[in-house]
Amino acid sequence: MSYGLYIHIPFCVSKCSYCDFLSFESTDYEPYVQALLTELKSAHITNKVDTVYIGGGTPTALPSPFLYEILQEVHNFNLTPDAEITVETNPNSQLPDLKSYGVNRLSIGLQAWQDDLLGRIKRTHTAHDFTKTIQTAKAAGIHNINVDLMFGLPGQTMAHWKESITQVLALNPTHISTYSLTPAENTPMWDEQDNLPDESTDRAMYHKAINLLTSAGYQHYELSNFAKPGYRSRHNVNCWRRKPYIGFGLGAHSFDGTTRWNNSTNITQYLSGSKKENIQILTSQDAAAEIMFLGLRMTEGISPPPQFKPSIDKLIDKGLLTYNDEKIALTPQGLDLANQVFTEFI
Amino acid sequence: MITHNMSKIRNFCIIAHIDHGKSTLADRLIELAGTLTQREMQSQVLDNMDLERERGITIKAQSVRLVYAAPDGEEYILNLIDTPGHVDFTYEVSRSLAACEGALLIVDAAQGIEAQTLANVYLAMDNNLEIVPVINKIDLVAADPERTKDDIENVIGLDASSAPLISAKNSINIQDVFTSIVASIPPPQGNLDAPLKALIFDSLYDAYKGVIVFIRVLDGSIKKGTKALFMATGKEFEIVETGYFGPGKFIPSPELKAGEVGYITASIKNVRDTTIGDTVTEVSRPTEEPFPGYKQVNSMVFCGVFPADGAKYQDLRDSLDKLRLNDAALQFEPETSVALGFGFRCGFLGLLHLEIIQERLEREYNLDLITTAPSVIYKVHKTDGEIIDLSNPADLPDPSRIDFMEEPIVKAEILVPADYIGPVMELCQERRGVYLEMEYIDASRAILRYELPLNEIIYDFFDTLKSRSKGYASFDYELIGYKQSNLVKLDILVHHEPVDALSFIVYAKTAAERGRRMTEKLKKEIPRHQFEIPIQAAIGSKVVARETIGAMRKDVLAKCYGGDITRKKKLLEKQKEGKKRMRSIGVVEVPQQAFMNVLKLDES
Numbered sequence: 001m002s003y004g005l006y007i008h009i010p011f012c013v014s015k016c017s018y019c020d021f022l023s024f025e026s027t028d029y030e031p032y033v034q035a036l037l038t039e040l041k042s043a044h045i046t047n048k049v050d051t052v053y054i055g056g057g058t059p060t061a062l063p064s065p066f067l068y069e070i071l072q073e074v075h076n077f078n079l080t081p082d083a084e085i086t087v088e089t090n091p092n093s094q095l096p097d098l099k100s101y102g103v104n105r106l107s108i109g110l111q112a113w114q115d116d117l118l119g120r121i122k123r124t125h126t127a128h129d130f131t132k133t134i135q136t137a138k139a140a141g142i143h144n145i146n147v148d149l150m151f152g153l154p155g156q157t158m159a160h161w162k163e164s165i166t167q168v169l170a171l172n173p174t175h176i177s178t179y180s181l182t183p184a185e186n187t188p189m190w191d192e193q194d195n196l197p198d199e200s201t202d203r204a205m206y207h208k209a210i211n212l213l214t215s216a217g218y219q220h221y222e223l224s225n226f227a228k229p230g231y232r233s234r235h236n237v238n239c240w241r242r243k244p245y246i247g248f249g250l251g252a253h254s255f256d257g258t259t260r261w262n263n264s265t266n267i268t269q270y271l272s273g274s275k276k277e278n279i280q281i282l283t284s285q286d287a288a289a290e291i292m293f294l295g296l297r298m299t300e301g302i303s304p305p306p307q308f309k310p311s312i313d314k315l316i317d318k319g320l321l322t323y324n325d326e327k328i329a330l331t332p333q334g335l336d337l338a339n340q341v342f343t344e345f346i
Numbered sequence: 347m348i349t350h351n352m353s354k355i356r357n358f359c360i361i362a363h364i365d366h367g368k369s370t371l372a373d374r375l376i377e378l379a380g381t382l383t384q385r386e387m388q389s390q391v392l393d394n395m396d397l398e399r400e401r402g403i404t405i406k407a408q409s410v411r412l413v414y415a416a417p418d419g420e421e422y423i424l425n426l427i428d429t430p431g432h433v434d435f436t437y438e439v440s441r442s443l444a445a446c447e448g449a450l451l452i453v454d455a456a457q458g459i460e461a462q463t464l465a466n467v468y469l470a471m472d473n474n475l476e477i478v479p480v481i482n483k484i485d486l487v488a489a490d491p492e493r494t495k496d497d498i499e500n501v502i503g504l505d506a507s508s509a510p511l512i513s514a515k516n517s518i519n520i521q522d523v524f525t526s527i528v529a530s531i532p533p534p535q536g537n538l539d540a541p542l543k544a545l546i547f548d549s550l551y552d553a554y555k556g557v558i559v560f561i562r563v564l565d566g567s568i569k570k571g572t573k574a575l576f577m578a579t580g581k582e583f584e585i586v587e588t589g590y591f592g593p594g595k596f597i598p599s600p601e602l603k604a605g606e607v608g609y610i611t612a613s614i615k616n617v618r619d620t621t622i623g624d625t626v627t628e629v630s631r632p633t634e635e636p637f638p639g640y641k642q643v644n645s646m647v648f649c650g651v652f653p654a655d656g657a658k659y660q661d662l663r664d665s666l667d668k669l670r671l672n673d674a675a676l677q678f679e680p681e682t683s684v685a686l687g688f689g690f691r692c693g694f695l696g697l698l699h700l701e702i703i704q705e706r707l708e709r710e711y712n713l714d715l716i717t718t719a720p721s722v723i724y725k726v727h728k729t730d731g732e733i734i735d736l737s738n739p740a741d742l743p744d745p746s747r748i749d750f751m752e753e754p755i756v757k758a759e760i761l762v763p764a765d766y767i768g769p770v771m772e773l774c775q776e777r778r779g780v781y782l783e784m785e786y787i788d789a790s791r792a793i794l795r796y797e798l799p800l801n802e803i804i805y806d807f808f809d810t811l812k813s814r815s816k817g818y819a820s821f822d823y824e825l826i827g828y829k830q831s832n833l834v835k836l837d838i839l840v841h842h843e844p845v846d847a848l849s850f851i852v853y854a855k856t857a858a859e860r861g862r863r864m865t866e867k868l869k870k871e872i873p874r875h876q877f878e879i880p881i882q883a884a885i886g887s888k889v890v891a892r893e894t895i896g897a898m899r900k901d902v903l904a905k906c907y908g909g910d911i912t913r914k915k916k917l918l919e920k921q922k923e924g925k926k927r928m929r930s931i932g933v934v935e936v937p938q939q940a941f942m943n944v945l946k947l948d949e950s
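Heads up: the sequence lines are chains Z and D, in that order. 252 is the number that the numbering used here gives to position 252 of the first sequence; each next residue is one higher, with no gaps. 923 is the number that the numbering used here gives to position 577 of the second sequence; each next residue is one higher, with no gaps.
Quick caveat, the hints were computed from the structure, so don't treat them as lab data. No incorrect hints appear here.
Derived BS3-like pairs: lysine-lysine, alpha-carbon spacing no greater than 30 Å straight-line: (1) Z:K309 / D:K900; (2) D:K905 / Z:K162; (3) D:K888 / D:K855; (4) D:K812 / D:K515; (5) D:K595 / D:K570; (6) Z:K122 / D:K905; (7) D:K916 / Z:K327; (8) Z:K318 / D:K916; (9) Z:K327 / Z:K243.
From chain Z, some residues computed to sit far from chain D (all C-beta separations above 10 Å): (10) N47; (11) P81; (12) G119; (13) N186; (14) T187.
Residues from chain D that keep clear of chain Z, each with C-beta distances beyond 12 Å, as calculated: (15) N474; (16) K555; (17) E587; (18) D730; (19) A740; (20) I767; (21) Y781.
Nothing here was measured: the structure is a model prediction, and the numbers come from that model. Glycine included, each C-beta is placed from N, C-alpha and C at the ideal position.
Could you build the full structure based on these sequences and the hints that come with them?
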């Protein structure tokens with residue numbers, strides 16, 4: 001069985017107000033990259049590796065020599081010839097020569113087209129930066145590009161949202177993710193919840209995105225993800241299908257098919273080489289629950305384990321699930337209330 | 347060894363308002379009479395149950411026999427008969443009083459007389475008891491013994507000039523109390539040779555001895571082997587043991603004679619066979635007349651009691667059975683609710699009794715309970731002439747078959763500082779009170795007398811009275827009869843399904859307001875569903891209040907961050923936890939807590 005690799009780069013030029021990811025505004029790159037390289041070198045993964053995802057943080061916040069070193073190390077794994085290698089970036093990052101190092105997919109965090117909205121969520125780029133980045137990437141030969149967009153932002157209107165989608169569509173990326181803003185505790189956004197569009201506006205925006213993007217030829221293949229045929233994020237699809245992946249770097253999560261764990265989230269501990277925390281060997285019940293709440297994120301649905309039949313029947317009655325050939329899948333209402341479905345299987 | 351000499355016996359009880367020091371004085375008397383060493387003393391030995399100790403009130407009457415060595419060298423037997431101190435237990439109090447010749451009236455030197463005290467003083471007077479005033483807490487800074495004496499003389503008309511001034515807590519002047527008891531309370535009178543006549547004033551269940559019956563012997567004597575007849579129930583038993591009340595324990599003795607107080611056992615299995623107020627006599631030589639004043643005790647307040655966890659139904663039944671062993675006033679029968687499952691319809695003497703039983707079930711038997719809104723007994727006159735005693739709103743016949751309804755009415759006596767007369771009168775007015783009279787005790791206090799429907803009292807009356815009088819008003823009531831009234835059944839509908847457990851009978855004019863409050867509360871308690879949920883209060887088919895719980899539009903985690911599946915699962919688990927302990931009302935899942943919160947009596 002082939003594996004995925006996830007490599008975490010926790011650096012950002014500035015932290016966004018909604019961000020509760022493991023990232024910080026630091027330039028102390030060298031020791032981190034050294035620790036990361038050591039970790040990559042000491043990994044004994046003989047299996048084939050068919051996806052690599054370098055995420056963050058902002059991987060392109062790293063000076064390019066560091067990024068090149070990491071990418072070179074990646075090539076010491078047993079990569080399949082068609083391996084999907086993704087790097088996340090921000091529109092105001094200087095794009096290094098990723099193509100030469102085998103990168104074939106770029107994920108750009110645009111979030112919104114309106115510079116004032118971007119400012120309100122403490123993003124430091126403009127829509128113009130984004131246009132330049134996507135053009136640069138294409139000129140450099142990277143054609144498989146994802147664009148992240150967010151809705152439900154403070155001050156965001158339906159008109160803003162439609163504009164963001166339309167402008168992005170005009171640049172014709174292969175993949176678009178649309179995430180509903182979920183304020184997290186201990187982030188500045190938590191205190192701004194009163195200024196957010198209400199629930200019905202949020203849902204109207206979501207439905208508008210589905211409508212516009214599917215009309216433009218994108219497949220709505222996961223709750224928040226849209227792709228042109230053949231351009232789904234293989235790395236993420238594998239995650240939802242419970243294929244194994246090994247995480248490298250601060251706080252990175254891993255799953256080998258039976259056990260989940262993560263690296264230390266404490267930078268000092270990570271740099272000193274201690275790893276593997278929260279080791280959890282999944283029971284068959286855990287695994288069955290995961291099959292449901294991860295698999296059902298995919299719109300094509302899943303073949304459910306038989307023990308869930310009563311819950312499934314109940315959810316079908318409630319109009320949240322539907323049969324799709326031999327599989328079950330979320331209905332349009334089920335997409336809005338997915339947690340109501342998932343909790344039935346926990 | 348003390349010979350039987352009735353002139354050396356004093357049977358007495360203590361009348362006091364809650365907190366005025368009844369149990370503390372009892373402790374001191376026991377201590378000083380020398381029946382218990384300091385080490386054996388547990389604070390307030392008379393209050394046996396933990397709950398009583400915590401609430402500082404006596405629920406079940408306990409009694410103790412003291413041996414008092416007077417300074418003149420004589421020994422006296424002092425039987426202290428404890429009385430329950432609450433309005434719900436008036437009948438029990440009256441029977442305890444009937445077993446005595448005298449009563450100590452304890453009045454707090456700082457607080458004066460309160461309504462509760464007054465009610466019990468009247469009961470004692472009705473029983474021709476010699477009342478000995480005792481002024482307690484004289485060591486408090488706020489104590490005003492002279493004013494308290496005036497109070498006793500003005501309000502009750504008792505001479506308090508020679509009342510002992512004591513501090514039970516700090517053992518000041520307790521000797522004076524003994525002197526007063528011996529000097530003022532008459533010894534019992536009775537005929538040792540007459541047929542046995544004994545009054546049952548309490549009983550309790552013991553796993554080994556069966557029911558232990560507390561009696562006061564009026565005439566004759568009783569001993570092991572006596573074939574006894576319980577006159578009201580008609581049951582016959584052969585006496586197994588007789589004895590006295592030691593402090594906290596039973597001390598067997600060969601015989602109980604006229605004038606004495608003690609206990610009997612007779613392998614009695616059911617506490618119901620030993621009703622309070624009944625007369626015990628001898629089968630072979632019965633007394634001609636039973637002791638007067640016996641009453642069947644009836645429940646006045648009813649509610650449904652359901653286990654929060656349906657699987658605990660049998661546990662609840664077992665626990666109620668055990669409680670009933672010691673509490674003849676507790677009634678229950680199985681009840682089924684669509685919303686709450688299997689449980690019991692329980693009858694209580696009053697609200698306090700209800701609360702005590704509920705707390706004991708929860709604490710001593712470790713049960714989580716849901717109790718429905720308390721109800722009283724309504725008399726439903728049907729068009730066909732039949733009259734139903736209705737204690738469960740669910741059993742109300744169709745309105746078309748009802749001619750009219752009657753509700754129980756009480757006479758309430760409220761003792762209130764002059765400053766709060768206005769607010770208290772307003773409260774009584776709001777609760778449909780009919781003003782009877784007002785009597786000033788002194789310049790600063792008055793007694794208000796009102797007729798009030800009992801169902802207005804069981805709904806949040808005590809708390810409101812306390813809050814409107816800043817805690818100063820005190821209150822007592824007695825049932826005086828039934829009155830015709832415009833009553834309706836208010837139903838609560840969740841998503842058009844009536845919730846049987848939330849139905850109640852209410853005065854027609856206040857139904858809409860009560861309905862509004864219920865629906866508002868419920869709206870806060872029921873989580874959103876994927877559809878809109880109307881919550882309605884209705885009388886028959888007429889909706890009098892409505893709230894709507896909006897549909898849940900969004901419940902989804904948009905992003906799965908960096909493969910952190912564990913975190914996502916934890917979030918789902920937390921959400922799932924909140925979904926547990928739901929009850930289905932039609933298609934709506936209602937958290938159990940919602941029933942508890944909506945049915946809570948207080949209106950905060």
